[in-house]
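For the sequence shown, my numbering gives the first residue as 76, with consecutive numbering after it.
Check before you lean on any hint, since a few could be wrong.
Claimed, not checked - Lysine-lysine pairs mimicking DSS-like chemistry, simulated, CA-CA at most 25 Å apart: (1) K153 x K206; (2) K137 x K206; (3) K153 x K236; (4) K236 x K206; (5) K137 x K153; (6) K206 x K237.
Just so you know, the hints here were simulated from the structure itself, not pulled from any lab data.
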Amino acid sequence: MTFLYTYNDNKNILHNKKPVFKIKIHQASATFAPLVVPGFTAAAGYVRDSYGNGELYLSYGKANGLMLGIGGDFIPIKTTNPDQMFHVNDFEGYGNSYSIGIGPSVSYGGTTDVNTTFMQNINPNAWGQNKNGYTTGGFGYGFGLDVGAAWTRTNTIFPLKK
76 MTFLYTYNDN KNILHNKKPV FKIKIHQASA TFAPLVVPGF TAAAGYVRDS
126 YGNGELYLSY GKANGLMLGI GGDFIPIKTT NPDQMFHVND FEGYGNSYSI
176 GIGPSVSYGG TTDVNTTFMQ NINPNAWGQN KNGYTTGGFG YGFGLDVGAA
226 WTRTNTIFPL KK
């Protein structure tokens, strides 16, 4: 655990915020993208925010490309605005990702909203630009078997949230 401080130009501490926890997603996932027609992707897991709060989630959506994969992932989250702390509620909603792998996979993803155009959905530079946006990505985090490459568009929900 680390603490986040804000400094002025004279390097004096203005205030300190709550402790910052490492933000990660822990999930089990499966992807099937047959190239000719859209496939599907689904994941279930646990996400923890900067404050140490966590929530179980489900993500589901379409996958385009040529990929077959199943496994577990441990994915770091990076807020688009460095002055913003990630809150677990920011995780719910729409997002996109690109994945490629033979064995362990490499992925990059980010948030969008329901009104995002198709061109914005496939453009990684547009991801994370929405309110409270964030990106995700990593190299070989996790275990499992992925073969191929795919773009996915998912919706994430918290099924047990009260």
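Cross-check of the supplied hints:
1. With a C-alpha separation of about 14 Å, the suggested pairing of K153 with K206 holds against the 25 Å cut-off.
2. About 23 Å separates the Cα atoms of K137 and K206, which keeps this hinted pair within 25 Å; it holds.
3. Simply put, K153 and K236 have alpha-carbon atoms about 23 Å apart, close enough for the 25 Å limit, and the pair holds.
4. For a cut-off of 25 Å, the pair hint linking K236 to K206 stands: about 21 Å separates their Cα positions.
5. Note on K137 and K153: the hinted pairing holds, with a Cα-Cα distance of about 23 Å set against a maximum of 25 Å.
6. Between K206 and K237, the direct Cα distance comes to roughly 23 Å. Compliance with the 25 Å bound is thereby established for this hinted pair.
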